[in-house]
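Respectively, the protein sequence lines represent chains C and A.
Be aware that the first sequence starts at 1, since it is given in the working numbering, and climbs by one per residue.
Be aware that the second sequence starts at 1, since it is given in the working numbering, and climbs by one per residue.
Wrong hints could be hidden among the right ones.
Which copy? The list can't say, so a pair holds if one copy fits it or any two copies do.
Unchecked claim - Straight-line Cα separation of at most 20 angstroms, EDC-like style, residue types lysine to aspartate or glutamate; simulated pairs: (1) 52 - 181; (2) 123 - 100; (3) 24 - 181; (4) 123 - 103; (5) 42 - 74; (6) 81 - 7; (7) 157 - 192; (8) 157 - 181; (9) 81 - 61; (10) 123 - 181; (11) 24 - 80.
Source of the hints: derived by calculation from the structure; they are not laboratory data.
Listed here are the chains, written in short residue letters.
There are 2 protein chains.
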Amino acid sequence: MDIKQPDQSRNTILQAAYCEIHRKGYQAASIADILSDTGLTKGALYHHFPTKHALGLAVIEEIIGDRLGRLLSDPIRESEKPIDALLYLIIHVDQQVPADYMELGCPLNNLMQEMSPLDHEFKSKLNAILRNWQDTIEWALSTGQAQGEIRPDVDPKAAALFIVSAWEGCVGIAKNLQSGEAFRTCMQQLHDYVVSLCAGR
Amino acid sequence: MDIKQPDQSRNTILQAAYCEIHRKGYQAASIADILSDTGLTKGALYHHFPTKHALGLAVIEEIIGDRLGRLLSDPIRESEKPIDALLYLIIHVDQQVPADYMELGCPLNNLMQEMSPLDHEFKSKLNAILRNWQDTIEWALSTGQAQGEIRPDVDPKAAALFIVSAWEGCVGIAKNLQSGEAFRTCMQQLHDYVVSLCAGR
DNA sequence: AGAATAATATACCGACCGGTATGGATGAGT
DNA sequence: ACTCATCCATACCGGTCGGTATATTATTCT
Numbered sequence: 001m002d003i004k005q006p007d008q009s010r011n012t013i014l015q016a017a018y019c020e021i022h023r024k025g026y027q028a029a030s031i032a033d034i035l036s037d038t039g040l041t042k043g044a045l046y047h048h049f050p051t052k053h054a055l056g057l058a059v060i061e062e063i064i065g066d067r068l069g070r071l072l073s074d075p076i077r078e079s080e081k082p083i084d085a086l087l088y089l090i091i092h093v094d095q096q097v098p099a100d101y102m103e104l105g106c107p108l109n110n111l112m113q114e115m116s117p118l119d120h121e122f123k124s125k126l127n128a129i130l131r132n133w134q135d136t137i138e139w140a141l142s143t144g145q146a147q148g149e150i151r152p153d154v155d156p157k158a159a160a161l162f163i164v165s166a167w168e169g170c171v172g173i174a175k176n177l178q179s180g181e182a183f184r185t186c187m188q189q190l191h192d193y194v195v196s197l198c199a200g201r
Numbered sequence: 001m002d003i004k005q006p007d008q009s010r011n012t013i014l015q016a017a018y019c020e021i022h023r024k025g026y027q028a029a030s031i032a033d034i035l036s037d038t039g040l041t042k043g044a045l046y047h048h049f050p051t052k053h054a055l056g057l058a059v060i061e062e063i064i065g066d067r068l069g070r071l072l073s074d075p076i077r078e079s080e081k082p083i084d085a086l087l088y089l090i091i092h093v094d095q096q097v098p099a100d101y102m103e104l105g106c107p108l109n110n111l112m113q114e115m116s117p118l119d120h121e122f123k124s125k126l127n128a129i130l131r132n133w134q135d136t137i138e139w140a141l142s143t144g145q146a147q148g149e150i151r152p153d154v155d156p157k158a159a160a161l162f163i164v165s166a167w168e169g170c171v172g173i174a175k176n177l178q179s180g181e182a183f184r185t186c187m188q189q190l191h192d193y194v195v196s197l198c199a200g201r
């Protein structure tokens, strides 16, 4: 046995669990398979996490929420022209994401589809992430209205809800069709929708 | 034991499997639970279906495809003004569907999300249903163009792909939020998108 | 240095799963 | 009425799952 590194072990398990869950879903992800990739065993896992359920929640909070925020919210929040940032993201998000995302889909959406009707803790944590994303887009639309870019008759909250819904829908359909081509044409249509919310069109 | 009715038994099992899969997903749906609702046993099931896999495929082909076609394609195909039929469906589909659809989501989308990356037979059969739906909407848009309702610069195939994607996205998000309200506002935005494809806007 | 505690490995358990083997009941054909 | 294929129930199997009990090793504290 090597040196014991609790924090690193915990993180190794979290990452492996994330990958396994992303590939197979939460319920089909087996503890044994998660551990086989790492050099660790059940003793380590059940020392850091009381149950598989807790491990799943930790993956959501500490990995998925974090990554999604960094990828989809931060660029918009940090931009002075959030609508431009949003439009840029819609078109170029497929280039900023690991290659397997196309075939495996969005981890957030996958888990929501699988677990939200089954477990209310999963549901609330996943919905918090979704809400955060939606709020960001709503903020972008409101800011766009203040800047005169977005038409004043647009309802930012409703439009933001639709954008995240359509976005996840595009990812899901592209995953089923196993087609990056389909994803891009689909996101191009979403791009056109957002443009249709802009003033002077 | 009662009188033997092979066709009815097969159909009973198919329906029970459909409900169980709709509630829990394919992998989490257990043979025992499927049968417990019906009065039948494994002997009956494995007489009519060689494996759980074959049962799942039969559910897709004989139930899901059928229902989706009846609900979402036939009204459009049979209408003389398909765009109006499409817009009507987008707004009123939530009233034409069993109550549990809101919390359980679309059976087609659920299965696509779960199984398409895992099994190519599931994927191809599910994609065939999706393709059929998309083709219907593409046909509606093309017909709309011929009737002068839809702008000529609209790409019917791309727009149809986006509509089904966004549609499934709306259902999925509404399922996670457990909110019929969210579903309706979301579909209203999809409605507005389709209207934005119409001429004279 | 010694004691206490944290961290990890190993072996094991009961529950459940999909699937099978077998046999009995039913109905159709002759 | 006898045969035979269809239909279905029951008991059982091997395998996998999440989880536990326990022992051992590493670290930290006194």
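Structure-based check of each hint:
Neither within a single protomer nor between protomers do residue 52 and residue 181 lie at most 20 angstroms apart by alpha-carbon distance, with minima of 37 angstroms and 33 angstroms respectively. For the identical chains of this complex, residue 123 and residue 100 are inter-copy neighbours only, at 17 angstroms across copies versus 25 angstroms inside a copy, given an alpha-carbon limit of 20 angstroms. In the homo-oligomer, the alpha carbons of residue 24 and residue 181 never lie at most 20 angstroms apart, since the shortest distance is 24 angstroms inside one protomer and 31 angstroms across protomers. Within a single copy, residue 123 and residue 103 get their C-alpha atoms only as close as 24 angstroms, which misses the 20 angstroms cut-off; across copies the closest is 12 angstroms, which meets it.
Taking the shortest Cα distances, residue 42 and residue 74 never come within 20 angstroms of each other, neither inside one copy (36 angstroms) nor across copies (53 angstroms). Taking the shortest alpha-carbon separations for residue 81 and residue 7, neither the intra-copy value of 39 angstroms nor the inter-copy value of 63 angstroms comes in at or below 20 angstroms. In this homomeric assembly, residue 157 and residue 192 come within 20 angstroms of each other (Cα to Cα) both inside a single copy, at 18 angstroms, and across copies, at 15 angstroms. In this assembly of identical chains, the alpha carbons of residue 157 and residue 181 lie at most 20 angstroms apart only when taken from different copies (13 angstroms versus 30 angstroms within one copy).
For the identical chains of this complex, residue 81 and residue 61 are neighbours neither inside a copy (29 angstroms) nor across copies (48 angstroms), given an alpha-carbon limit of 20 angstroms. Taking identical chains as interchangeable, the C-alpha atoms of residue 123 and residue 181 lie at most 20 angstroms apart only when they sit on different chains, with a minimum of 17 angstroms there against 31 angstroms within one chain. Taking the shortest alpha-carbon separations for residue 24 and residue 80, neither the intra-copy value of 39 angstroms nor the inter-copy value of 44 angstroms comes in at or below 20 angstroms.
Taken one by one, the earlier hints fail for this structure at numbers 1, 3, 5, 6, 9 and 11, listed in ascending order.
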